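Those sequence lines, one after another, are chains A and B.
Residue numbers 13 to 153, in this note's numbering, belong to the letters of the first sequence in order.
Residue numbers 13 to 153, in this note's numbering, belong to the letters of the second sequence in order.
Think of the hints as simulated: they come from the structure by calculation, not from any bench.
Please read all numbers here as calculations on a predicted model, not as lab measurements.
Check the hints yourself; a few may be wrong.
Since the list gives no way to pick out one identical chain from another, each pair is judged satisfied if it fits inside one copy or across any two copies.
Straight-line Cα separation of at most 25 Å, DMTMM-like style, residue types lysine to aspartate or glutamate; simulated pairs [what the hints assert, rightly or not]:
| hint | residue 1 | residue 2 |
| --- | --- | --- |
| 1 | Lys23 | Asp125 |
| 2 | Lys28 | Glu38 |
| 3 | Lys150 | Asp125 |
| 4 | Lys147 | Glu20 |
| 5 | Lys150 | Glu133 |
| 6 | Lys147 | Asp125 |
| 7 | Lys23 | Asp102 |
| 8 | Lys119 | Asp60 |
| 9 | Lys142 | Glu93 |
| 10 | Lys150 | Asp102 |
| 11 | Lys147 | Glu133 |
| 12 | Lys23 | Glu73 |
| 13 | Lys28 | Glu133 |
| 14 | Lys23 | Glu110 |
| 15 | Lys150 | Glu110 |
| 16 | Lys142 | Glu73 |
| 17 | Lys150 | Glu38 |
| 18 | Lys142 | Asp125 |
| 19 | Lys119 | Asp51 |
Number of protein chains: 2
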Amino acid sequence: MNSKTCIERMKARDVKPTAVRILVLEALLLCRNAVSVADLEAALVTVDKSTIFRTLNLFLEHHLVHAVDDGSGSMKYEVCEGADGCSLSDMHVHFHCEACNRTLCLKSVHLPDVGLPPGYEITSANYTIKGLCDKCSKRRQ
Amino acid sequence: MNSKTCIERMKARDVKPTAVRILVLEALLLCRNAVSVADLEAALVTVDKSTIFRTLNLFLEHHLVHAVDDGSGSMKYEVCEGADGCSLSDMHVHFHCEACNRTLCLKSVHLPDVGLPPGYEITSANYTIKGLCDKCSKRRQ
DNA sequence: AGATTCCTGCAACCGAGTTGCAAAAAAGAG
DNA sequence: CTCTTTTTTGCAACTCGGTTGCAGGAATCT
Chain A
13 MNSKTCIERM
23 KARDVKPTAV
33 RILVLEALLL
43 CRNAVSVADL
53 EAALVTVDKS
63 TIFRTLNLFL
73 EHHLVHAVDD
83 GSGSMKYEVC
93 EGADGCSLSD
103 MHVHFHCEAC
113 NRTLCLKSVH
123 LPDVGLPPGY
133 EITSANYTIK
143 GLCDKCSKRR
153 Q
Chain B
13 MNSKTCIERM
23 KARDVKPTAV
33 RILVLEALLL
43 CRNAVSVADL
53 EAALVTVDKS
63 TIFRTLNLFL
73 EHHLVHAVDD
83 GSGSMKYEVC
93 EGADGCSLSD
103 MHVHFHCEAC
113 NRTLCLKSVH
123 LPDVGLPPGY
133 EITSANYTIK
143 GLCDKCSKRR
153 Q
């Protein structure tokens with residue numbers, strides 16, 4: 013259904029749209045939150061773990077997705093929204109729920125700009141907050 | 013030399029100061045930056061890896077140290093500065109240099125407060141910036 | 001001293017991520 | 001269309017950070 017937009021996204025970033033890559037990108041677009049390789053493995057039973065890894069790394073290099081380290085032990089991936097990949101200022105804060113193990117995108121909260129000392133070069137940044145999401149904090153009481 | 017302050021710190025947080033724990037805490041206090049278990053293992057050749065882990069986890073529970081996930085693949089640890097452990101507002105931004113693999117504490121840059129949606133409970137937060145530190149960015153040119 | 005509890009070292013294990021290699025698929029040449 | 005070359009994929013084996021079970025040792029208590 014949205015395989016067309018998938019293919020277009022890939023072509024726009026110089027990624028050859030193979031069958032597996034379309035499956036991976038579709039799966040990524042389907043989930044609203046940041047997902048792990050294990051999540052993708054479960055969703056795409058026919059595709060091998062190493063292939064998913066290599067595909068995600070390819071997507072990362074071509075700025076189709078970005079990686080979110082939520083401190084859960086496994087990296088999460090998310091499709092870039094900007095037309096030209098994600099710039100740092102487009103990146104948002106993530107919330108990792110320690111109860112349900114989901115990583116939610118707080119898209120409204122952009123990464124606050126911090127003044128780095130001179131000479132420092134930024135390549136990426138990650139602001140992740142851990143705790144309980146609204147659903148889990150309610151359930152606990 | 014500062015083993016006395018080590019013992020005091022532990023007692024203040026209800027941690028029995030054993031020989032190994034003093035060694036670990038001393039080593040942590042010695043380094044100005046956040047260090048990994050591997051770093052501590054190298055510094056304390058007589059102490060087993062699993063013991064260092066368990067010691068750090070004990071320290072974490074008792075708020076003697078806090079963990080910094082710098083996205084390098086190995087967790088880093090740092091002694092809490094506040095008298096009463098680290099509150100969230102005392103936490104600072106970290107910079108991980110991808111060239112020299114050090115994790116520097118930008119102690120002057122406190123974690124910017126973000127407005128979370130209602131119902132969310134925070135237990136910890138991590139803001140890590142990756143890139144090149146001043147020394148490595150100079151060396152590259 | 002003897003019993004109990006806590007701490008530590010060792011070895012084995014787990015899971016995320018990576019790599020080498022060969023088979024399969026796609027692209028290109030004639 | 002067929003043969004060759006390149007790219008992609010699956011499999012298995014591996015690395016490494018982190019964890020766990022267990023037994024020996026140290027400390028604490030009576």
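Comparing the hints with the structure gives:
1. Lys23 x Asp125: Answer is neither: 32 Å inside a copy and 39 Å across each miss the 25 Å cutoff.
2. Lys28 x Glu38: within (15 Å within a copy, 53 Å between copies)
3. Lys150 x Asp125: So lysine 150 and aspartate 125 pass the 25 Å test across copies only (23 Å; inside, 32 Å).
4. Lys147 x Glu20: neither (36 Å within a copy, 41 Å between copies)
5. Lys150 x Glu133: between (42 Å within a copy, 10 Å between copies)
6. Lys147 x Asp125: between (30 Å within a copy, 22 Å between copies)
7. Lys23 x Asp102: within (22 Å within a copy, 46 Å between copies)
8. Lys119 x Asp60: For lysine 119 and aspartate 60, neither the intra-copy (31 Å) nor the inter-copy (43 Å) Cα distance is at most 25 Å.
9. Lys142 x Glu93: both (23 Å within a copy, 21 Å between copies)
10. Lys150 x Asp102: neither (31 Å within a copy, 28 Å between copies)
11. Lys147 x Glu133: between (39 Å within a copy, 11 Å between copies)
12. Lys23 x Glu73: within (14 Å within a copy, 49 Å between copies)
13. Lys28 x Glu133: neither (31 Å within a copy, 43 Å between copies)
14. Lys23 x Glu110: neither (37 Å within a copy, 30 Å between copies)
15. Lys150 x Glu110: within (14 Å within a copy, 40 Å between copies)
16. Lys142 x Glu73: between (27 Å within a copy, 16 Å between copies)
17. Lys150 x Glu38: neither (32 Å within a copy, 41 Å between copies)
18. Lys142 x Asp125: Classified as both; 20 Å inside a copy, 14 Å across copies.
19. Lys119 x Asp51: Classified as within: same-chain Cα gap 21 Å, cross-chain 36 Å, threshold 25 Å.
The structure fails hints 1, 4, 8, 10, 13, 14 and 17 (numbered hints given earlier, in ascending order).
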